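Enquirer: Start from the sequences, fold in the hints, and give me the full structure.
Order-wise, the sequence lines are chains A and B.
Positions in the first sequence are counted from 1; adding 37 to them yields this note's numbering.
Positions in the second sequence are counted from 1; adding 37 to them yields this note's numbering.
Rather than coming from a laboratory, the hints here were simulated on the basis of the structure.
Check before you lean on any hint, since a few could be wrong.
Each pair may be met inside one copy or between any two copies, as identical chains are not told apart.
Derived DSS-like pairs (lysine-lysine); straight-line CA-CA distance at most 30 Å [said to hold, decoys possible]: (1) K39 x K122; (2) K466 x K208; (3) K466 x K177; (4) K414 x K208; (5) K339 x K414; (6) K265 x K459; (7) K55 x K39; (8) K252 x K237; (9) K177 x K131; (10) K56 x K212; (11) K339 x K56; (12) K121 x K174; (13) K339 x K121; (14) K208 x K237; (15) K437 x K260; (16) K486 x K65; (17) K113 x K131; (18) K174 x K122; (19) K208 x K483; (20) K472 x K279; (21) K466 x K65.
Quantities reported herein were computed from a predicted structural model and do not represent experimental measurements.
There are 2 protein chains.
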Amino acid sequence: MKPTIVRGTRDFGPLESKKRQYIIDILKSKFELFGFMPLETPCLENVQTLTGKYGDEGDQLIFKILNSRLNESEEKETIESEFKKTLQNKYTSKYITEKALRYDLTVPFARYVSMNSNTITYPFKRYQIQPVFRADKPQKGRYREFYQCDVDIIGSNSLLNELELLSIIDKSFSKLMLPVTIKINNRKILNGIAEVIGQKDRLLDITTSIDKLDKIGFDGVLKELISKEIPTDKLSEILLFKGSSIEKILFLREYLKSSEIGIDGVNEIEYLLNNTQSKIIDFDITLARGLDYYTGTIFEVKSNGGGLSSSILGGGRYDNLTNIFGLNGVSGVGVSFGLDRIYDVMESLDLFPSIRESNTNLLLTYFDLDGQTECIKLANRLRNLELPVEVYPDIVKIRKQFEYADKRNIPFVGVIGPNEIKNNTVMLKDMNSGKQEEVDIINLIKSIK
Amino acid sequence: MKPTIVRGTRDFGPLESKKRQYIIDILKSKFELFGFMPLETPCLENVQTLTGKYGDEGDQLIFKILNSRLNESEEKETIESEFKKTLQNKYTSKYITEKALRYDLTVPFARYVSMNSNTITYPFKRYQIQPVFRADKPQKGRYREFYQCDVDIIGSNSLLNELELLSIIDKSFSKLMLPVTIKINNRKILNGIAEVIGQKDRLLDITTSIDKLDKIGFDGVLKELISKEIPTDKLSEILLFKGSSIEKILFLREYLKSSEIGIDGVNEIEYLLNNTQSKIIDFDITLARGLDYYTGTIFEVKSNGGGLSSSILGGGRYDNLTNIFGLNGVSGVGVSFGLDRIYDVMESLDLFPSIRESNTNLLLTYFDLDGQTECIKLANRLRNLELPVEVYPDIVKIRKQFEYADKRNIPFVGVIGPNEIKNNTVMLKDMNSGKQEEVDIINLIKSIK
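Expert: Given below as structure tokens:
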């Protein structure tokens, strides 16, 4: 049997894993610099925790686990008829599936907060770096299993949190040397717009259409809005407005003057623009973000180049996320870094520093069992000093051992032959320069350190 | 709706996550000290990659994913009848499920090696630290989602690899300060025993029974063997033999003298015992390990105390693991550290060093907007020096801000009030000693570093 991998998923070999770890380490260090703490939740969640949180389209993309031991059950007839219903409607019965794979890290976070609200100290600042799963059609930059790196503060209304998130985003991408633009907007502005055009109750319809501006263009959005019977005259002004951040704010103060919530949103954006230290922020009044739980600031990051038009980070403020789990009045704000897309962009822009697939500095090689015994002894001593070293495990031709070092990019090879055993030395070869010299252990350590 | 977590899974809050990370960091550093390289594979695997690899019992424990978009399919009748079959037999159709969650990290590793054998440099040394999933009945120390930390060398027959694994195991637990016993045995010895008692073809039946010795005791194993119609006279000698490692070897040399493979196994064990530096190895001739792909040395680690009788590490040599995927002649050996059980044992033995849930050294607090502005400025400066610091995000009573620092175990609190703004200073309080003094930024940095 020729093995295959699930479409839309990937293996990461040693070098790729090291590069992913490089990104994760930078993100973690920035999250921790601002006092965020790690959280881990399971991949498995109860189906009812997830369904109804991501809209109809999202619900369809949740991977559901087939109940195990179906055939040991006493309720075969019920199960069969429930399955029939599942095939007919979009409904999935608890007799068929009770567990699912998490779709993002935000809903599991809300579940965690609701379940632990008595013991949590608010404001609660957590980060979470784990895989999520979506039953999506695989395509460029879209995977069925991918890592999100989430950072959220819950239990504080202050815009200071938005400012700190902007700072984390800026510092992270700057450390990664990845040139990006941070787009921000505010759902209250979108609320205000819906109010001003007399379509207050159609907010979600409006935002989901505007959200597609990048993909289907101005004409596409217009067409979609018309098909939804939303008047487009006054909306077009918004979609077509060009200007600096200050001009946008002036324009919106006029446009939204009859909407209290709209003006609130403008004030919030103005505060962020006036107080952030970041120079890469773009106030984009057409930024909408699809998810319907956002209520204030929204964030999106796109790479300046790298052939990926989709966003590599998204997020926003949500006032009522934990309400669904019975915990009211806890406002939060957070963003999610897309590890896999960041990786892809950095790879295509060749932004990774020189990273080796292992930490091994020295391969010890030999001709026979006596040499092997000496190599093992020496390796033990070096490892006790925390020096990463390998001993070639099999007695094979020395050429083959050097080949191994070469393919693995190990910078030094030490040979212990009969002479070296006698002299208590190692013949050390620098694989880059090609130079070799007989050294004692002190000089060996000096060289490979 | 009151949210719940899937039974047999756990959330890990900040402190627990940090402790898990502490264990992972130690394991990783030891793996890398010996030249092992990271590998990541997806949680999702094709069903046929996993089934048939873990025996009948194992197959029943594989979580299978319900095919999505069942109801968009054209083949509703086929699906319905296939589902009926699933309910009747133990068979699960590809019309119902094509994907599953990995059951361990070994089979995905074998799949990876088979799919990438052209580009891999052998011997290939990889480690992998990821969650695995089992549809098991949850109980103490048994989870449905848990982390394995695997370390394997593939493409080398040398016993040097076994020696290095023993060294990694010893160094890892020693660094974790966790007292353990490393049990070893060799499948060839078990083969030899089966041969000697004239039951060569019943090896798996014998090993699965012996494997239960810890759980069901000598009488239980005997009863099970008798029910399988395996003669127990000569086997009892093995199960009851007591003695030092040397006595065991002498005993087995006599017992197995008519079995070539048995003597091979004894020689291998003797080599390891003579050459290992570890002092915590116990040669246990009743150690069997359930999995049927092992062909040589087998390993198991148990904690000396901590109330968990089950193993916290297992592994062994497998000569034919990749054969199932069409890649022959690649022998490997590896072990799997059980992160969750190691965590549980360390927690119950109180072995974690003092670990804080965040890196924050300083919380900046204030009375009003002016103070907040100064705190933000100061925080920016300190973070630019990579000093982890937080600013309380909301303008609330100073007492509440101190409470936050106290609950979060933040060692220093800085207050910036009108006086401090005027003097360009901070009132710094050491939360442990209770002492406070007005300091300038240079002395502030000195204190919190």
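Enquirer: Decide, hint by hint, whether the structure agrees.
Expert: Evaluation of the provided hints:
no.: 1; hint: K39 x K122; verdict: between (36 Å within a copy, 27 Å between copies)
no.: 2; hint: K466 x K208; verdict: between (41 Å within a copy, 29 Å between copies)
no.: 3; hint: K466 x K177; verdict: neither (44 Å within a copy, 53 Å between copies)
no.: 4; hint: K414 x K208; verdict: between (46 Å within a copy, 16 Å between copies)
no.: 5; hint: K339 x K414; verdict: between (53 Å within a copy, 28 Å between copies)
no.: 6; hint: K265 x K459; verdict: neither (88 Å within a copy, 59 Å between copies)
no.: 7; hint: K55 x K39; verdict: within (28 Å within a copy, 40 Å between copies)
no.: 8; hint: K252 x K237; verdict: within (25 Å within a copy, 66 Å between copies)
no.: 9; hint: K177 x K131; verdict: between (34 Å within a copy, 26 Å between copies)
no.: 10; hint: K56 x K212; verdict: both (14 Å within a copy, 27 Å between copies)
no.: 11; hint: K339 x K56; verdict: within (20 Å within a copy, 35 Å between copies)
no.: 12; hint: K121 x K174; verdict: both (25 Å within a copy, 28 Å between copies)
no.: 13; hint: K339 x K121; verdict: neither (44 Å within a copy, 48 Å between copies)
no.: 14; hint: K208 x K237; verdict: neither (38 Å within a copy, 65 Å between copies)
no.: 15; hint: K437 x K260; verdict: neither (66 Å within a copy, 53 Å between copies)
no.: 16; hint: K486 x K65; verdict: both (27 Å within a copy, 20 Å between copies)
no.: 17; hint: K113 x K131; verdict: both (13 Å within a copy, 20 Å between copies)
no.: 18; hint: K174 x K122; verdict: both (25 Å within a copy, 29 Å between copies)
no.: 19; hint: K208 x K483; verdict: between (36 Å within a copy, 24 Å between copies)
no.: 20; hint: K472 x K279; verdict: neither (63 Å within a copy, 56 Å between copies)
no.: 21; hint: K466 x K65; verdict: between (38 Å within a copy, 28 Å between copies)
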